[in-house]
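Single-letter residue listing:
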Amino acid sequence: MALVTHTSMNTDDAAAPDGAAASREPVISVSGLTKQYGDVQAVRGIDFEVARGETFGFLGPNGAGKTTTIKILCTLANATSGAARVAGHDAITERDAVRRNIGLVFQDTTLDTYLTAEQNLRFHAELYGVPKAAVVPRMHQVMDMVGLWERKDSLVSTYSGGMQRRLEIARGLLHAPHVLFLDEPTVGLDPQTRSSIWAYINDLKRREDITIFLTTHYMDEAEHCDRIAIIDHGKIVAIDTPEALKASIGEDRVQIQTADDDAAIAALKETFGIEAAVHEGAVTFSVAAGEQFVPRLFAEFTVPIRSVSVSRPSLDDVFMSYTGTTIRDAEASGTDAMRQMAQRFRAGGRR
Amino acid sequence: MATQTTDVTAAPDAEQLVGAIRVAVPERGLRHDLRAVSIVWRRELIRFRTDRLRAITALIQPILFLFVLGTGLGALAGRGLPPGIDFKTFIYPGVLAMSVLFTAIFSAASIVWDREFGFLREILVAPVSRGAIVIGKCLGGATIATFQGIIFLILAGFAHVPYNPILIVTLIGELLLLSFTLTAFGVMMAARIKQFQAFMALTQMLVLPLFFLSGALYPLNGLPAWLSVLTRIDPLTYIVGPMRHAVFSHLTMPAAFEQHLAPPITWAGWPVPLGLSLGMVAIMGLGMTVIAIAEFSKTE
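The listed protein sequences derive, respectively, from chains A and B. Just so you know, the working numbering puts the end of the first sequence at 351, numbered straight through with nothing missing. Just so you know, the working numbering puts the end of the second sequence at 1300, numbered straight through with nothing missing.
Chain B on its own, in the form it takes in the complex (with noise of 0.2 Å):
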């Protein structure tokens, strides 16, 4: 300690260096916000860089449900399919979905941990606004998530994707759509459930109904009338329904194969446009990232 001490006194820059540097913390801007926004967002991604296991492990959920509940039932379920085709390419868009699913909401998570260890107050006494410190987050987790998705994406080839460009951009961008719902819809639970352990429970809890119900294992015609309006309360199902739309048409089939197989949304009946089906899921995301500043604006 004492060495410390005679090193700051004998530090003669530090001494100059006093006047030297003036620092104003100017109002508060949209600049100063953008930079903000850009630095919760930065963390994010050191964060998941220095934590490979993370990456990894978050990967074997998604790969099991591929391979091993794909080939196994591909078995049973696959004879109908046309040929260049089976199981794994019908399931792939929904476990595509869900490879992004952990990592998203896992992500916001880091929320509740950084209450738990103190971070957070650091955050929040900073003079930015709430907005972009959420808004900063939900990037954040939208990107890395996104990121996880891509790794899935590589493995296309194995469900007989092809790596088509165009699609390969399409599911990207939906892969970052759902990414940010779902990381918004983490960070407005974080924002009311303080406890690390509660937190897990209920994502747990929540995350694999969302996935069944998701029509990413089933095709969503012809349910019976229970588990159909089941499907169509799920926000997953509005994302699923146009991955596995854009993989489709990318496949080379009888036209009523690829009616039956991916066949569009439907409410009552009425087949829902795929862009409104993205844009309900955008609306969703951003109206959870309102509400998630609103709670990170109360005091208590």
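Extracted from the complex, chain A is given alone in its bound form (with noise of 0.2 Å):
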């Protein structure tokens, strides 16, 4: 009878393993997506699709829309308009089949803090109706794979954020989704432990056939996606494989400290005619070839140069390049229409 049920839900699924239609089927399709929270449209419209097995990032300053668009995909609230299927199923209208195929980790802790972390996977498997015969071996593989098994019987309150982060990536893959959503998964964490997470991140694609589905505002995270999609003000901007996007910048990336940078932006027009700006605090721009170009920044500049540094083009420039801003300035400049979406959330949207 189990079995029967079993093999039912491995034909039905679109993300099933045989058959070359169904893998080349995306197993995430987002068209026309939209959200508007009162007088805030959060997203506005936007396409993309992931194919199976590949590892997905949107990266964006924070408001940029990312958790809004996640949380439509895994059914945790409606599109105003547009259309979104995830694993084969309608988010909006298939909500439990959508449900059943994919594992959730959220940017802020959603564990019973006052459970031990077995315990919580135990009322995970149970909510999500694990055959009874599976639980016990699937935690412990999961748990392995985070490196906690040794600790499930201590209390989640006793853990650390590191820990707890873990814990809830392996909650998130006991039921063994096909899609596994992962919103901000290292924010909040020391560089250390981020790259920790990251490691158990490449191991699970190394070990499970699943598709990521991951937000980031960590430039150097983004690397590590198969692809990525630019968002900002709730639309894409670009979306591409890292190293397209990089290339597509081609230009070098040079700043510069100097005396005067008013001067300096003057001056680098004026001689070179180049357009610069000031982010991050020195003078920036980019130039076809960096190494080429510094001595004769410095055989032709009269304004007195502090220190100038050249690098190769990165996620931080293709950002820039398609918004014409850093992400560090995007958040310093929406940090306050932020604080009034965090309320917001807070106050009503939170389910």
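Possibly wrong hints are sitting among the right ones.
[To be verified] Simulated crosslink set (DMTMM-like; lysine to aspartate or glutamate; CA at most 20 Å straight-line):
no.: 1; chain 1: B; residue 1: LYS1298; chain 2: A; residue 2: ASP96
no.: 2; chain 1: A; residue 1: LYS132; chain 2: A; residue 2: GLU118
no.: 3; chain 1: B; residue 1: LYS1194; chain 2: B; residue 2: GLU1300
no.: 4; chain 1: A; residue 1: LYS152; chain 2: A; residue 2: GLU118
no.: 5; chain 1: B; residue 1: LYS1298; chain 2: A; residue 2: GLU300
no.: 6; chain 1: B; residue 1: LYS1194; chain 2: A; residue 2: ASP108
no.: 7; chain 1: A; residue 1: LYS269; chain 2: A; residue 2: GLU300
no.: 8; chain 1: A; residue 1: LYS235; chain 2: A; residue 2: GLU49
no.: 9; chain 1: A; residue 1: LYS205; chain 2: A; residue 2: GLU275
no.: 10; chain 1: A; residue 1: LYS132; chain 2: B; residue 2: GLU1027
no.: 11; chain 1: A; residue 1: LYS246; chain 2: A; residue 2: GLU300
no.: 12; chain 1: A; residue 1: LYS132; chain 2: B; residue 2: ASP1033
no.: 13; chain 1: B; residue 1: LYS1298; chain 2: B; residue 2: ASP1114
no.: 14; chain 1: B; residue 1: LYS1298; chain 2: A; residue 2: GLU94
no.: 15; chain 1: B; residue 1: LYS1194; chain 2: B; residue 2: GLU1116
no.: 16; chain 1: A; residue 1: LYS235; chain 2: A; residue 2: ASP108
Simulated from the structure, these hints should not be mistaken for lab results.
Make one complex out of these two single chains by using the hints.
Shown next as structure tokens:
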């Protein structure tokens, strides 16, 4: 009886392992998606697809619409307009079917800290109807994966932030979802813990047949993705592999510290015809070949230069070239709007 | 951190397990829903078991009412009572009802708490019916509140209430019904009220009027019209009445006293049957459960 159910499940899910047609169908497809919270338009019409087995990243500053999109895909929020399909099911009309096929790790912890790690996982297993015989072995497997099996009987309140996040990842995987959503999986963690979380995620990609959708506002983390979408003010401004995005910029970024930034900007325009602006406290501009440009800069420039740095294109530059600002600057100016959003979520929207 | 990473990669059995465990989440069905009801219920019990302080503090208020208020007022109000009982006996059923009041509503408050700490999201994103979650929660709250009531039931002898098995079973049944309805009320409120402080303030504001108007401390006959009307609106009245009836039917005293001290609840002179009285509490509980399910089924 149980066996029959399993087989029928596997054939009926879009992300079923066999069949070329099934694997060609995107695991996530979104078209014309919008979401309005009162006067705030959090998502302004986005389209994208995620293929099976892909690690897809949503990159953007806080308040850009990342969390809202993930909430819609995870059936936690309704879209104002547009369509979203996840694991072969409509995220708005077939909520349960979507929920069965996805795992979630939220930005803020959703563990019951008064229970032990094992009790948290067991709660999840029962709630998701994981077949009884599979509960313990699967629990062992996912907790081993994040190195927490030895600590399974400890109360979650005794866990560090990084351990809690790992436990959440384990829990999100417990019911063997086809898609794992990670909303800012490393936010608020120290750099060492962040890199260990990434080690677990990369390990996971190797072990399980899973599609990962994640959001981040850390540039360096976006590099872990197969493809990324850059989202700003509720719109996708670019979508491609990190390499292709970097290649599309092509130019090196030069940052100079000068005694007089305004004079430096004016001089750059006059002498070299280069548009520069102040970002992160330094005069910043792009040139095709940085190492050839710097000697010219020193030879021909009249404004005293204190330091020069040349960097190969990074995702930061990609972000800058598409949005006209660095992600840190975008967050600084967006802080007020974000705070209002956060209050709104805390007051009413959080479910 | 580094050691943990090596631990993982060095675990060969985990590697082997990958292919071995096939997990398929089943389609929603009754069995799955029952498992969900059961685990939500069990979580309430685990949380209650690990929180002994809550069980103890919840006992303090009814004990104060029974022994301090009961003994103190008894000197004044107990003069007309037949031998073998005193004012404590009279207020015992009402105070027993009160002993579950806080626990039941407080268990629903954990939803507000869960929302603030994020755990509610983990529950609401599960592929399980909202009904199973709400019912599990209501049953969990009802169980721990009834358990709280049973602890208070042990003190019955101090109020000259006999430890009669039939009486005890009747009272436990009535406590269970009351606790379920109160938890359902709390869950319904928790679906709407998102701030913990607001929830606690509101319940604090409601609890004492509910208790005072239920006839827990005075007989319901011969009251001024305004108070008489208010007592009939209070849902708690319809459980305190039957509970007192149960207690008094197991005491030996002249019929006139019983008629005076534990009169049936009346609507404009018509005595409300016990069954109807309890049925109303049950219907209210179910109605509020349905509203709570509808509230939790909404999506932003």
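Do the hints match the structure? See the list:
| no. | hint | result |
| --- | --- | --- |
| 1 | B:LYS1298 <-> A:ASP96 | 14 Å, holds |
| 2 | A:LYS132 <-> A:GLU118 | 15 Å, holds |
| 3 | B:LYS1194 <-> B:GLU1300 | 14 Å, holds |
| 4 | A:LYS152 <-> A:GLU118 | 5 Å, holds |
| 5 | B:LYS1298 <-> A:GLU300 | 66 Å, violated |
| 6 | B:LYS1194 <-> A:ASP108 | 17 Å, holds |
| 7 | A:LYS269 <-> A:GLU300 | 13 Å, holds |
| 8 | A:LYS235 <-> A:GLU49 | 15 Å, holds |
| 9 | A:LYS205 <-> A:GLU275 | 42 Å, violated |
| 10 | A:LYS132 <-> B:GLU1027 | 15 Å, holds |
| 11 | A:LYS246 <-> A:GLU300 | 29 Å, violated |
| 12 | A:LYS132 <-> B:ASP1033 | 14 Å, holds |
| 13 | B:LYS1298 <-> B:ASP1114 | 17 Å, holds |
| 14 | B:LYS1298 <-> A:GLU94 | 14 Å, holds |
| 15 | B:LYS1194 <-> B:GLU1116 | 8 Å, holds |
| 16 | A:LYS235 <-> A:ASP108 | 24 Å, violated |
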